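Generate the whole structure from the sequences, applying the supplied hints.
Mapping of the sequence shown onto mature numbering (1 follows the signal peptide of the UniProt record, and there is no 0): residues -17 to -1, 1 to 301, in sequence order.
Watch out, some of these pointers could steer you wrong.
Pairs of lysine to aspartate or glutamate, EDC-like flavour, derived with a Cα cap of 16 Å [said to hold, decoys possible]:
(1) 247 / 236
(2) 82 / 94
(3) 65 / 98
Pair by pair, the computed Cβ-Cβ distance ranges are [said to hold, decoys possible]:
(4) 227 / 94: 42 to 48 Å
(5) 249 / 126: 35 to 41 Å
(6) 208 / 54: 42 to 48 Å
(7) 78 / 168: 16 to 22 Å
(8) 231 / 203: 28 to 34 Å
(9) 208 / 254: 25 to 31 Å
(10) 187 / 110: 40 to 46 Å
(11) 171 / 101: 19 to 25 Å
(12) 100 / 43: 21 to 27 Å
(13) 238 / 126: 22 to 28 Å
(14) 166 / 53: 36 to 42 Å
Just so you know, the hints here were simulated from the structure itself, not pulled from any lab data.
Everything numeric in this text was worked out from a predicted model, so none of it was measured.
Ideal placement from N, C-alpha and C gives every residue a C-beta, glycine not left out.
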Amino acid sequence: MTLTVLLFVFLLCCLVARNFYFTKRKLPPALWGLPIFGNIHWFVAANPGKILLNIGKKRGPVVFTTVGSFNTVILNGQKAVKEGCKFMPLNKRPDSVYKTLADNHGYLFSDDNVEYRKFIFRYFKYFGLDTQNKEKMIHEEINNVFLQLDQCLGKPQEVRNMFSVATLNVIFYVILSKRYDPGDPDLIPIIKSVNYLSEMPNILTRGAILMPWITKVMPSISGHHFMMGMVLDLFLELENLFDEHCTTRVPNEPRDMSDAYVDKYGRTTFISHVSGSPQNLWPIVITELFVGAIETTNAGPVVNYTTAKLKLAKGHFT
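Here you go:
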């Protein structure tokens, strides 16, 4: 009994000392967190993106804390993210599950993300994908969603998937000069995989993202094996689309981001530990764009259907 009390007091003192140290740091502001787990409860919640956005509104654009096994800096807002990306210590990524699944490649969860980010931003400008043009594409896709809803009055619909189609179509157009109609059977497996990877419905799976030791201790119970299957399915779908797209490509005459990527880097491959076979790098970048876009869409506010239609008609949706 005495040993238990002493251990509890020791852990409590460590917690107080740790958080006192964080609060004394000049930059950035710090949030308290539990020992070992930190604020992992944010990420095991159903919608972690929304929680992080709310933290930004309450605490400011830059907040320091711990999440799972890692020290974490939360950046909210375009300016904070842009400035944070210039800060070299933030360019490397922790050894999260996402980083492992992507074999340390891509533009979000890899240590070499600077090169990919520069490429994406450069060719967004090259293809004239400025804010105005991107908003125009988004408006067109939202209008298609409303038209689909009008056709289904009185019938139950999976509204989330409707907005997922709209979101993915914007990226498909930018990346592969392609878009899908709602209900297209070829799009269903892609939406299924992307929605799963952005939401992580299993609470242990969400926790394991930033506590990788869980996947080693409980690979099946944590849902890690199932997640790897989802990643592999998505990689294969995008790999097939990428291969098909490259058959009509004309060297040095890029139609979209995929053509520009091949012109600049070639069809670079690596041996994926997920599939155990050669894997193109570009589909990993596309996967990250999809997951990030869907996660952001799902974290967005729900608006009244009629009000949204009126705003769209008046050009107020931005």
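Against the structure, the hints come out as follows:
1. 247 / 236: Cα-Cα ~12 Å, so holds.
2. 82 / 94: 9 Å, holds
3. 65 / 98: The given pair, whose Cα atoms are some 14 Å apart, holds under the 16 Å limit.
4. 227 / 94: 42 to 48 Å: 31 Å Cβ-Cβ, so the 42 to 48 Å window is violated.
5. 249 / 126: 35 to 41 Å: With Cβ atoms ~38 Å apart, the hint holds.
6. 208 / 54: 42 to 48 Å: Hint violated: Cβ distance 29 Å, outside 42 to 48 Å.
7. 78 / 168: 16 to 22 Å: Roughly 37 Å apart at Cβ, these two residues miss the hinted range, so it is violated.
8. 231 / 203: 28 to 34 Å: Since the Cβ atoms of residue 231 and residue 203 sit about 42 Å apart, the hinted range of 28 to 34 Å is violated.
9. 208 / 254: 25 to 31 Å: Check failed, 20 Å falls outside 25 to 31 Å.
10. 187 / 110: 40 to 46 Å: 41 Å, holds
11. 171 / 101: 19 to 25 Å: 34 Å, violated
12. 100 / 43: 21 to 27 Å: 24 Å, holds
13. 238 / 126: 22 to 28 Å: Given a distance of about 25 Å, which is inside 22 to 28 Å, the answer is holds.
14. 166 / 53: 36 to 42 Å: 40 Å, holds
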